[in-house]
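Student: Each chain, written out:
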Amino acid sequence: MLVGESGSGKTTALRLLAGLLDPAEGRIEVDGETYFDSARRLSVAASKRSIGYVAQDYALFPHLGVLENVAFGLRAARVSAAAARKRAAALLERFGIPGLWARKPDQLSGGQQQRVALARALAVDPRLLLLDEPLAALDLATRRVVRAELIRLLAELPCTTIYVTHSPAEALIFGHHVAVLENGRVRQSGARDELLRHPRSAYVAEFLGLNLFRGVVTSRTEDGLARVAVDGGELYLAEDAKEGDEVHIVVDPREVVLSIERPQGSARNVFFGPIEELAPEPPLGDRLRVTVASRPALIAEVTRAAASAMALAPGRMAYASFKATGARAYR
Amino acid sequence: MTRAAAIAAGALLLLLLGIPIASLILRVPAASLAARMSEPAIQEALRLSLVTTLASTLIIVLLGTPVAYVLATRSFPGKRVVETVIDLPMVLPPTVAGLALLLAFGRAGFVGRALGIELPFTTLAVILAQVFMSAPFFIAPARAGFSGVDRRLVDAAATLRASEGYTFARVVLPLTLPSLTAGAAMACARALGEFGATITFAGNLPGVTQTMPLAVYVAFQSDLEAAIVLSVLLMILSFGLLLGLRAATGRMGSASSLVSPIAR
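Protein chains in written order, with numbering that gives the first Met the number 0: chain A, 0 to 330; chain B, 0 to 263.
The hints are simulated quantities; they were obtained by calculation from the structure and are not laboratory data.
In this text, a Cβ means the ideal position worked out from N, Cα and C, and glycines have one as well.
Be a bit skeptical, because a hint or two may be false.
A few chain B residues facing chain A, derived, Cβ under 10 angstroms [to be verified]:
(1) L152
(2) A155
(3) T158
(4) L159
(5) Y165
(6) P173
(7) L174
(8) D222
Now the in silico label distances, taken between C-beta atoms and shown as ranges [said to hold, decoys possible]:
(9) S108/A with L87/B: 34 to 44 angstroms
(10) A247/B with E276/A: 55 to 65 angstroms
(11) T33/A with L61/B: 46 to 56 angstroms
(12) S49/A with I235/B: 50 to 60 angstroms
EDC-like, lysine to aspartate or glutamate: derived pairs with alpha carbons at most 16 angstroms apart [to be verified]:
(13) K322/A with E238/A
(14) K47/A with D30/A
(15) K47/A with E163/B
(16) K47/A with D124/A
(17) K47/A with D154/B
Start from the sequences and build out the full structure, keeping to the hints where you can.
Tutor: Listed below in structure tokens is the structure:
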């Protein structure tokens, strides 16, 4: 899973891998096979690499029918017409596109086009599959349905898949291993849960939708908490950081509790401020991300039910709180 | 106001183009047309024109397609100069082209002497003159067609293990067919009407180098009726060619706009 904002170099990375573009220097190796090595002046042509590539707009051949599109790679590899058609038909059947074989791509829905493009790339058994924003070309309503199907299809694939997206949510749902790209460089890469727990930069944290603070431990309380001065306020952490330590603090929005009345519980970190924004969290369906302009500002994630019970709305004053144990700090 | 002006300008231009054509058609000797058409001299000119035009169009398509493809997809030093040289015959006076051909392929010409061949005053010279004058009319639209092919489709073909040749045959060529057909028809029509370069380079030998336009010119000086018959024939051929082209590209054009969701 390669995630980054537009212009961060996601598509370029895929084109480099596919061999549609050559880097100035470096080495590209897939599954033990070297495809590019500037030191050896080696560059294997795109057509000789075992890499499947599904472009953002799918790039289906407009003059060929669905079956011919899927059979294209096999025919190019001199597989007999009958065998190529048989294999293409089997793939289309598996991808849930039976009976549209003579149709031209422009007669298909966006979701169908995507599956045909996927089948076309997989027909030649690539070792590595590259997907460039596979959901971007779809309208919102289709995206929801197609996303679920795509998760199922990708889980069944025998080959490694690199999935490029600008959406952190998509990255977190699909990705087992996530790399965050910024300005052409990988800022951080690792297992999804590792990134969520330990984002190493404000960019990664913000991008993945976590609360990230940077601060200095000012003192320790009698009950063993670290008091940390952050930009705009003060936090309490159940961490054994020493006075003067510089720390990064991550608070998962799901750890932040919202309330209209002052919370009575044991939460040590309580902040008060106007609600700035309520944003639906589409991938998770029934949740909302609520930004509270307290000092410091906090993002909380609540269910829609809870939000409507509290009548949360922009401008309404609310308490945002989390336990000292709800914040994770690391140096 | 502007609409009235546009209509007036349109009507004037239509009259300017239409009246000469109409005058020609009105002067056709209806009674003796059939007899005139079967005259050996006219038949000969017609046959020669059709054969040479067909041959030169074929040569232009075969040689011009790779040239147009390279010009559309590659860049190399001196490309502008090459492009200008290819376009030059479009604006060059045909007699100048004929003279240049004569100096190159004539008995005392550069290539003629080197290879010991003599082209002038042969049918081959007629074809060569037509190729020289008409090639740009094919190359320009062909090149535009190749440039218009979505790079992403070519890339997709490459990631599907297709060689460049396979991609050309199965992706690029089918998508460019309307442009190539249009270019071939334009070149064909231009070759059919070729006069200046032909008469300068190939001469005016009945049955060998005297194509229809040349025959019109000769007949005009002695037998006006024969000239009119030839002219009308030529006009009908050209009209049919252009009309067919329009019908064909119209059909393919609408089809190709249907099948280009990629070009959003």
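Student: Each hint needs a verdict: does it hold in this structure or not?
Tutor: Status of the hints after comparison with the structure:
Taking 10 angstroms as the C-beta contact cut-off toward chain A, the hint placing L152/B at the interface holds, the least distance being around 6 angstroms. Here the hint on A155/B is kept, as its CB sits about 4 angstroms from the closest CB of chain A, short of 10 angstroms. Contact between T158/B and chain A, as hinted, is supported at the beta carbon level, the nearest pair being about 4 angstroms apart and thus within 10 angstroms. Annotation: L159/B was flagged as interfacial toward chain A, and the flag holds, the nearest CB pair being 4 angstroms apart, inside 10 angstroms.
Taking 10 angstroms as the C-beta cut-off, the interface hint given for Y165/B holds, the closest approach to chain A being about 5 angstroms. Given the 10 angstroms rule on beta carbons, the hint for P173/B holds: about 5 angstroms separates it from the nearest Cβ of chain A. Contact between L174/B and chain A, as hinted, is supported at the beta carbon level, the nearest pair being about 6 angstroms apart and thus within 10 angstroms. For the restraint placing D222/B at the interface with chain A, the shortest Cβ-Cβ distance is roughly 52 angstroms, beyond the 10 angstroms limit, so the hint is violated.
The supplied range of 34 to 44 angstroms is broken by S108/A and L87/B, whose beta-carbon atoms lie about 50 angstroms from each other. Range check, A247/B to E276/A: Cβ separation about 58 angstroms, and the 55 to 65 angstroms hint holds. The beta-carbon spacing between T33/A and L61/B, approximately 41 angstroms, falls outside the hinted interval of 46 to 56 angstroms. Between S49/A and I235/B the beta carbon distance is about 59 angstroms. The supplied range of 50 to 60 angstroms therefore holds.
A hinted pair counts as satisfied when its Cα atoms are at most 16 angstroms apart, and K322/A with E238/A qualifies at roughly 12 angstroms. About 14 angstroms separates the Cα atoms of K47/A and D30/A, which keeps this hinted pair within 16 angstroms; it holds. For the proposed pair K47/A and E163/B, the alpha carbon gap of about 12 angstroms is at most 16 angstroms, so the pair holds. A hinted pair counts as satisfied when its Cα atoms are at most 16 angstroms apart, and K47/A with D124/A qualifies at roughly 13 angstroms.
Of the pairs offered as hints, the one joining K47/A and D154/B holds, with about 13 angstroms between alpha carbons and a cut-off of 16 angstroms not exceeded.
Of the numbered hints stated above, those contradicted by the structure are hints 8, 9, 11, listed in ascending order.
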